[in-house]
Amino acid sequence: MNPIAAIGRVFLFFLAATGRLALFAGSAVFHAVKPPIYPRLIGRQMVEIGYFSLPVVGLTAIFSGMVLALQSYTGFQRFEAESAIATVVVLSMTRELGPVLAGLMVAGRVGAAMAAEIGTMRVTEQIDALTTLSTNPFKYLVAPRLIAGTIMLPLLVMVADVIGVMGGYLVAVHKLDFGPIAYLENTWEHLETQDVVSGLVKAAAFGFLIALMGCYHGYHSRGGAQGVGNATTNAVVSASILILTSNYLITEAFFSR
Amino acid sequence: MNAAIPKIRIRGLAKSFGPKVVLQNLDLDVTSGESLVVIGGSGSGKSVLLKCILGLLEVDAGTVEVDGIDVTRLRGSQRDALLRKFGMLFQSAALFDSLAVWENVAFPLIQGRRMERRAARDVALAKLGAVGLGADVGALNPAELSGGMRKRVGLARAIACEPEIIFFDEPTTGLDPIMADVINDLILKCTREMGVTALSITHDMASARKIANRVAMLHDGRIIWHGPVATIDANGNAHVDQFIHGRAEGPIQMAVLHP
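Here the protein sequences line up with chains A and B, keeping their order.
Read in my numbering, the first sequence has 111 at position 111, and its numbers run on one by one without any break.
Just add 1000 to wherever you are in the second sequence, counting from 1, and you've got my numbering.
It is possible that part of the hints are untrue.
Said to hold, decoys possible - Pulled a few chain B residues facing chain A out of the computed Cβ check, cut under 10 Å:
1) Arg1073
2) Ser1092
3) Gly1112
4) Gly1134
5) Gly1154
Keep in mind the hints are simulated off the structure, nothing from the lab.
Backbone N, C-alpha and C fix where the C-beta goes; we use that ideal spot for every residue, glycine too.
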């Protein structure tokens, strides 16, 4: 086989996939903003994405905050800069770990569930049935998930930020013998609005990407149980990669300001 | 309505998936109020034909006219208006498993017609009654139903909006002979009482003989024979003869490797 042809084929396949995804995203956003919208469906997805993700995101956040305090203590102790621990914990949580870890956990939990549900609807002809019943599947299935994902991830990250800082506080005060008041003052002292806002912007982008990947791979799944399984895997993997990639891009956009 | 215009008129329909040609140059008329059954082997493109008419698949060439209007290029609200004329019973019923049974039947009323939930529920329960299911079934989840009950719920959903045309995709496949006959009776009852045009696809000859006014056979992407159901035994076509008698030997060669 001609190796150059193979490279070309891969490249064309990549372009076709990118185009398909862009068209899908455009259509989904169009239907998300154009009435009619379904508040009942959006509400159900918000509960599914937000409320039911609280335990897993909370657990991730508290242990991340705790380990951050411990790790930065072992590092900063060598320079006698222990007072910077509180700042390190709160900046790492709000700017980076809160959105990224919450995003990855929600991608695994919710993105997979979306791909499996929509994929099953595809292979059992339920999506065709929606169309024949004069209901646009983009409006009924995709738009509510995109809206709910984009709204709920920032809210989840706010909770994760608070819980993560609390985790750092618990370790610092109860294990490393910091004064509680001094620790909290250090936490506030160098925190700026932009630190939190940049994290929440990331979270909104991640929520959108998770829902988009879940819906896209579910919507295009083919061939029975195996196809749905592939769709689920692809949704989680592609959402995770997009989260990490866009995380860098958003950080850079905020960093240069 | 002008009786001279067929309800559905298909001319030169072609559809391929990559190199695989499924339908080619297919012509078919369905007159208003008749029940046409399309028979054909597995993989002969029967489902693709229905999906092309409904616009679930884009056709490669040809026209599909419904009430004299070409529908192959309709978009947006015009397509919605067209789809309101149709009801479809899917092969696996395609019930929404996130909704209760009555919500499934009421779905086209609530979503399509913006009917109030309470009123839609009454209509849904009446339609469930029409297919022989009690109000207690309405509260169940689709996952709790047997195959025959799912088909009946699917039928109730297809007739909920009182469509002009109903498509039946293999209505009896996967059912025992008695339940299959119950479904056939329900189809007859619904189509006769409502005076709808019915287009069914099946490979179950008992079902075809019972519900059809007219039968058409799909083979090699074309309609190779059609005629009133009474004449099917004297069809004079070797392909149709082989199919209706279910013989492995004949002009139709299934893609089976002979060792």
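Results for each hint:
At a threshold of 10 Å, the smallest CB-CB gap from Arg1073 of chain B to chain A is about 16 Å, leaving the interface hint violated. Hint status for Ser1092 of chain B: holds, given a least beta-carbon distance of 6 Å to chain A, under 10 Å. Proximity of Gly1112 of chain B to chain A holds as hinted, the smallest CB-CB distance being about 4 Å (cut-off 10 Å). For Gly1134 of chain B, the interface hint is violated, since its Cβ never comes within 10 Å of a Cβ in chain A; the closest pair sits about 24 Å apart.
Because the smallest distance between the Cβ of Gly1154 of chain B and any Cβ of chain A comes to about 9 Å, under 10 Å, the interface hint for this residue holds.
In terms of the numbered hints stated before, the structure departs from hints 1, 4, listed from lowest to highest.
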